[in-house]
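**Student:** Listed below, chain by chain, are the residues.
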Amino acid sequence: MGPQAEDDLPVVRRWPPRMRVAAAIGWSSFLAACLGTLLTFAALDPQVIIDGVEGGEPGAAPWWLTRTGIYSIGFFLFWAIGAVAGMLTDYLHEAPPSEGHGP
Amino acid sequence: MNDGTAGAEVVSLYETHRKVYPREVTGRFARLRTLAAFALLGIFYGLPWVQWSGRQAVLFDLPARKFHLFGLTLWPQDFLYLSWLLILAALTLFFVTAVAGRVWCGYACPQTVWTEAFLALERFVEGDRPQRLKLDRKPWTTEWVLRKSAKQFLWIGFAALTGFSFVAFFTPARELAGSVLSLQLGGWETFWILFYGFATYGNAGFLREQVCKYMCPYARFQSAMFDHDTLTVSYDPGRGEPRGARKRGIDPKAAGLGDCVDCTICVQVCPTGIDIRKGLQYECIDCAACVDACDDVMARVGYRPGLIRYATERELAGQKTRYFRPRVLVYGGLLLVLGIGFVISLTLRQPIGLDIIRDRNALYRVLPDGSVENVYSLRILNKDDQAHRYVIEAQPAGVFQVDAEPVEVSAGEVRAVPARLRVAPGDLARAPRDLVIAVRAADDPGLAAGHGTRFFAPELDDDAHEDEHD
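Residue numbers (the working numbering), protein chains in the order written: chain A, 1 to 103; chain B, 1 to 470.
Note that these hints are calculated values from the structure, not bench results.
For each residue, glycine too, the CB sits at the ideal point set by N, CA and C.
There may be inaccurate statements among the hints.
[What the hints assert, rightly or not] Using C-beta positions, here's what the derived DEER-type ranges look like:
| id | chain 1 | residue 1 | chain 2 | residue 2 | range |
| --- | --- | --- | --- | --- | --- |
| 1 | B | 51 | A | 20 | 26 to 32 Å |
| 2 | A | 63 | B | 311 | 55 to 61 Å |
| 3 | A | 76 | B | 299 | 51 to 57 Å |
| 4 | A | 19 | B | 186 | 57 to 63 Å |
| 5 | B | 458 | A | 76 | 54 to 60 Å |
| 6 | B | 39 | A | 20 | 30 to 36 Å |
| 7 | B | 281 | A | 17 | 18 to 24 Å |
| 8 | A | 17 | B | 157 | 53 to 59 Å |
Whenever a hint applies, use it, and build me the whole structure from the sequences.
**Tutor:** Okay, structure coming up:
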């Protein structure tokens with residue numbers, strides 16, 4: 001190589017495989033959650049849920065139960081569902097245990 | 001070139017334990033990148049403060065379920081436009097990628113722009129690459145603690161400002177600033193400012209190029225849009241190889257060398273830490289930092305610039321680049337058609353929505369005077385910024401008598417109103433089965449929406465029943 005020792009170069013950082021999988025699952029489920037939230041709440045007005053909880057008594061809902069609150073909760077719920085699907089995919093994608101080890 | 005420092009060890013999440021310490025670059029692409037970063041960050045932090053006829057110009061008012069974009073107000077019923085816009089954005093990305101590679105990544109991606117901003121803050125406090133390497137070799141000295149704390153202070157402040165600005169696109173910026181200053185910020189606003197601030201801090205301060213390498217789907221599938229005529233940042237091996245160090249002033253050809261002096265500066269400036277001389281790699285975000293750096297070196301050793309440059313594979317192979325190729329024409333054509341369609345549709349868009357539901361209980365009713373009545377239920381949505389009074393009419397005119405009062409609908413409201421249509425006994429013979437019910441704003445006759453529906457009467461009974469069973 002060149003006149004410079006390899007040590008002086010910024011060696012490309014590589015994440016270990018588990019971390020790469022975690023990052024990929026985290027991010028792809030995040031993107032899916034954005035889409036899910038957008039589609040769901042374009043069709044569904046969360047006010048329906050708030051009205052249901054309040055049951056005709058305005059102000060009866062807890063402080064966090066607002067439209068923004070329901071959008072937020074919905075988003076994290078979608079994110080969690082996406083992440084679980086991703087984790088399951090990763091888990092099942094790995095080779096099944098070899099024969100003879102089962103109960 | 002050798003600054004005599006070893007790559008610093010970091011406590012690690014990584015297999016190989018060296019951190020990328022990008023060296024600062026100057027040059028035309030660096031200037032372009034800085035310009036783009038300033039413009040984009042300026043838009044992000046400045047736009048929430050721009051007013052437009054008495055309200056925030058760009059406000060995605062989620063609590064009120066409407067989006068304000070300058071003079072335009074979009075409702076959930078206008079979801080089509082949003083999807084259309086997203087498709088246009090995706091197509092633009094495909095088109096640009098096919099022509100000019102990853103310019104999005106290099107100049108406009110938020111991940112790049114915020115990483116640049118965080119790097120600039122880091123450079124401001126800790127100095128350039130050699131100084132940063134030196135500082136990290138001796139941790140926990142007074143200088144180290146002071147500089148690191150100052151950097152964290154700036155980073156956290158900048159991240160918090162970013163979180164605030166993000167939320168200001170959804171909650172009016174002025175109110176939000178008032179709530180922050182008076183410490184009366186709502187729970188969800190606080191949460192989202194912290195969440196987005198934290199995400200910015202983590203992504204731009206720490207994850208940096210890892211986001212592009214392990215998390216970004218575009219980085220993986222962009223190669224599908226590449227071909228031999230796509231412009232990418234490339235090293236010209238025909239000119240550069242065999243690389244090697246040399247004495248100043250010697251003729252490289254006589255020494256059996258190419259133009260690459262192997263100074264490794266192209267590697268040192270790379271934000272993703274790759275060696276461009278190994279050819280096209282998926283980590284390369286086309287930022288052209290190595291282009292500037294190499295041109296600088298070439299000028300200093302007296303060679304012509306462009307050893308690393310924006311070039312196509314075909315060009316490097318000594319052929320001519322084909323700009324008009326099927327891929328580019330297809331992406332470009334689709335983009336043009338959809339873009340024009342979008343503009344036309346948006347221009348013709350009427351800020352009024354109408355749904356017509358026929359009364360399912362009774363097909364028709366014969367009144368004592370022999371006239372026939374059909375009942376419809378109308379849902380009128382006023383998508384305009386002001387209230388309107390709507391007149392309900394039926395076409396063709398002259399046959400149907402409309403029994404419905406004008407309806408007042410305030411801005412953004414939906415109102416359901418019954419409409420009774422009658423046909424006098426003498427007119428029954430010429431009453432068509434298909435008609436259009438329309439609503440028209442009394443103050444603006446151009447503002448109207450109509451839908452086709454049906455009118456049933458005893459004479460037309462036989463077919464009508466069949467239809468009702470559908």
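**Student:** Of the hints given before, which are not true for this structure?
**Tutor:** Checked against the structure, the hints that fail are numbers 1, 4, 8, while the rest are satisfied.
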